[in-house]
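From first to last, the protein sequence lines are chains A and B.
When we follow my numbering, the leftmost residue of the first sequence carries the number 1, and every step to the right adds one.
When we follow my numbering, the leftmost residue of the second sequence carries the number 325, and every step to the right adds one.
One thing to keep in mind: the hints can contain errors.
Stated by the list, open to error - Straight-line alpha carbon distances no greater than 30 Å define the calculated DSSO-like cross-link-like pairs of lysine-lysine that follow:
1) K59(A) / K455(B)
2) K408(B) / K554(B)
3) K84(A) / K420(B)
4) K96(A) / K557(B)
5) K572(B) / K644(B)
6) K408(B) / K22(A)
7) K96(A) / K420(B)
8) K346(B) / K155(A)
9) K421(B) / K155(A)
Source of the hints: derived by calculation from the structure; they are not laboratory data.
Chain residues, written in single-letter form:
Protein chains: 2
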Amino acid sequence: MYSREELRDLIEKSYAGQALHKKPAELYQPISYMMQTGGKRLRPVLALMACNLFTDNIKDAVLPALGLEVFHNFTLVHDDIMDKADIRRNKETVHKKWDDNRAILSGDVMLIQAYEYIATSPAGVLTQILKLFNNTARQVCEGQQYDMNYESRDKVSEEEYLFMIENKTSVLLGASLQLGAIIARAPERDSGLLYDFGTKLGMAFQIQDDLLDSFGDPDIFGKETGGDIKSNKKTYLLIKAYELANAKQKDSLNRIIAGEFNTEKEKIQKVLAIYESLGIRHHATRKANEYLSSALDKLDMVDIASERKSNLKEFADVLKDRIN
Amino acid sequence: MYSREELRDLIEKSYAGQALHKKPAELYQPISYMMQTGGKRLRPVLALMACNLFTDNIKDAVLPALGLEVFHNFTLVHDDIMDKADIRRNKETVHKKWDDNRAILSGDVMLIQAYEYIATSPAGVLTQILKLFNNTARQVCEGQQYDMNYESRDKVSEEEYLFMIENKTSVLLGASLQLGAIIARAPERDSGLLYDFGTKLGMAFQIQDDLLDSFGDPDIFGKETGGDIKSNKKTYLLIKAYELANAKQKDSLNRIIAGEFNTEKEKIQKVLAIYESLGIRHHATRKANEYLSSALDKLDMVDIASERKSNLKEFADVLKDRIN
Chain A
1 MYSREELRDL IEKSYAGQAL HKKPAELYQP ISYMMQTGGK RLRPVLALMA
51 CNLFTDNIKD AVLPALGLEV FHNFTLVHDD IMDKADIRRN KETVHKKWDD
101 NRAILSGDVM LIQAYEYIAT SPAGVLTQIL KLFNNTARQV CEGQQYDMNY
151 ESRDKVSEEE YLFMIENKTS VLLGASLQLG AIIARAPERD SGLLYDFGTK
201 LGMAFQIQDD LLDSFGDPDI FGKETGGDIK SNKKTYLLIK AYELANAKQK
251 DSLNRIIAGE FNTEKEKIQK VLAIYESLGI RHHATRKANE YLSSALDKLD
301 MVDIASERKS NLKEFADVLK DRIN
Chain B
325 MYSREELRDL IEKSYAGQAL HKKPAELYQP ISYMMQTGGK RLRPVLALMA
375 CNLFTDNIKD AVLPALGLEV FHNFTLVHDD IMDKADIRRN KETVHKKWDD
425 NRAILSGDVM LIQAYEYIAT SPAGVLTQIL KLFNNTARQV CEGQQYDMNY
475 ESRDKVSEEE YLFMIENKTS VLLGASLQLG AIIARAPERD SGLLYDFGTK
525 LGMAFQIQDD LLDSFGDPDI FGKETGGDIK SNKKTYLLIK AYELANAKQK
575 DSLNRIIAGE FNTEKEKIQK VLAIYESLGI RHHATRKANE YLSSALDKLD
625 MVDIASERKS NLKEFADVLK DRIN
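If we strip away everything but chain A, and leave its shape as in the complex, we get:
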């Protein structure tokens, strides 16, 4: 079995070994830039881990797995235009470094490139993989639209929020695992269980991100906390706080969001105080743990010797340590 580091390395080397079309440079520079900013290569690594559960011959899964990474980066390039985000992974975003047009068109080519890699799936499973990928890609776009819709709304329910992050973020993790399993010719029940495992893991990840942004240790979190509060982002925490707040607390939250406080520090402290008084940290931790535990249940049910699942379990354990 391959270690996580070996799989990540395999992905990096495969991408570097691809003969990239290079002309016109205006189109391909932003793609290289975006793909080189790195990231954890989470999706292709999960795909290869899932494939590796069932077989030691994972080579057929490498390029399709790369397609998931290129697709993910495509969504980031276009989302950053729509969200007017200037910084990603400590570097300028594509539309900021160049301009919107370059980011739109480079993103389009990345989506096509993702399909090129997906299309290298073995002929016997190609139709099934395409269906999975098409459905997932569509859901990710729908999730982004819901996210934008929610920004301009006063109130978003917990259910609506969970539905949005499931589409925008989680299903792609589920699909990554399922893709790897399908290419390994895993039984349909197992590949479905891995989809559920990945999707639920993704939900736990997202809620944990919301938690860390408000309550994380900046040294471990890797960036300053409080960013979501500063920008009035409708996170799980804020949505839950509105749900549980009494009239007075709601009024406070409304005034804070409307911009009552002069300093950002004061704003963050005040919101955190409301969160603490409502037990929001506890609620969010419990919700993330529910998803995590439900994810692990699905992994347990996959009909493969437990020791082969160690890589995937480790993924979930790292998450668990960060939540609690």
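Please build the complex by placing chain B on the supplied structure of chain A, with the hints as guidance.
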């Protein structure tokens, strides 16, 4: 054999019969709007005609052909953002009617939807069709980037211009015909010849469009002439004029483009006068006819009884009548 009208009707009915995902409405409204603005459905009709050359059973080609139409419309939605175009087919463009974000994300979903339709190709030819479509989609994006590059350049050669329109416009026509032929299980040589036929026809179309914009009868052309001259667009005509102009004529063109004239009418008249003195209309007509004749040669070489080619020949004849 199906008539052109029957094929167009088949495309319209098939699209109307597709259960479109409808939520979130913010994402799907612009797609319906764009697809309903009509157009000639040129690409899917060509695909079905090519399929119909070899077989009377064209049903396997209908949805993949629809994918070509959705793809074409995706490129228009994104190009209109990049080109800041407000009007298309006498209606507001998507980004103008809504906003850039809606146009970016709806366009993304249209590209995914195009792949959904392409993926319905029969399993036996799916890999081949995907390769054709992926290559073509990438070329179309590259063509759009070259087009944008040329806008900001002083000088573009005839060769560069032809390379740009081949990628941006023509290869999709070629790929449409080849897709239909592949689904009909046509011999490889024939499907390749149809690709060449379509690509060369596309070149003739584009040069003809440039001609009509300057020299066309507005009643037949369907819109006012002179638009390209007004906007200093680097058309085949302008590029050829710069190539053939003497120092004095070049200087005139430079001053006109820099904005020497007060009225648009005067500007158009002056440029047309230079075109006429250089025989540009003749040069462009000859070039379009060369492509047209070369296209027809390719069609002739397709190993199918001549009478089955009548639909495709008619297409080319209509073009010929418009050029000459």
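These are the hints, each one checked on the structure:
1. About 20 Å separates the Cα atoms of K59(A) and K455(B), which keeps this hinted pair within 30 Å; it holds.
2. Our distance criterion of 30 Å between C-alpha atoms is met by K408(B) and K554(B), whose separation comes to about 16 Å.
3. For a cut-off of 30 Å, the pair hint linking K84(A) to K420(B) stands: about 19 Å separates their Cα positions.
4. This hinted pair checks out: K96(A) and K557(B) have alpha carbons roughly 28 Å apart, not beyond 30 Å.
5. With a C-alpha separation of about 35 Å, the suggested pairing of K572(B) with K644(B) is violated against the 30 Å cut-off.
6. For the hint linking K408(B) to K22(A), the alpha-carbon distance of about 26 Å falls within 30 Å, and the restraint holds.
7. A threshold of 30 Å between alpha carbons decides the hint, and for K96(A) with K420(B) the separation of about 22 Å falls inside it, so the pair holds.
8. Simply put, K346(B) and K155(A) have alpha-carbon atoms about 22 Å apart, close enough for the 30 Å limit, and the pair holds.
9. A hinted pair counts as satisfied when its Cα atoms are at most 30 Å apart, and K421(B) with K155(A) qualifies at roughly 26 Å.
The structure fails to meet hint 5 from the earlier list, while all remaining hints are met.
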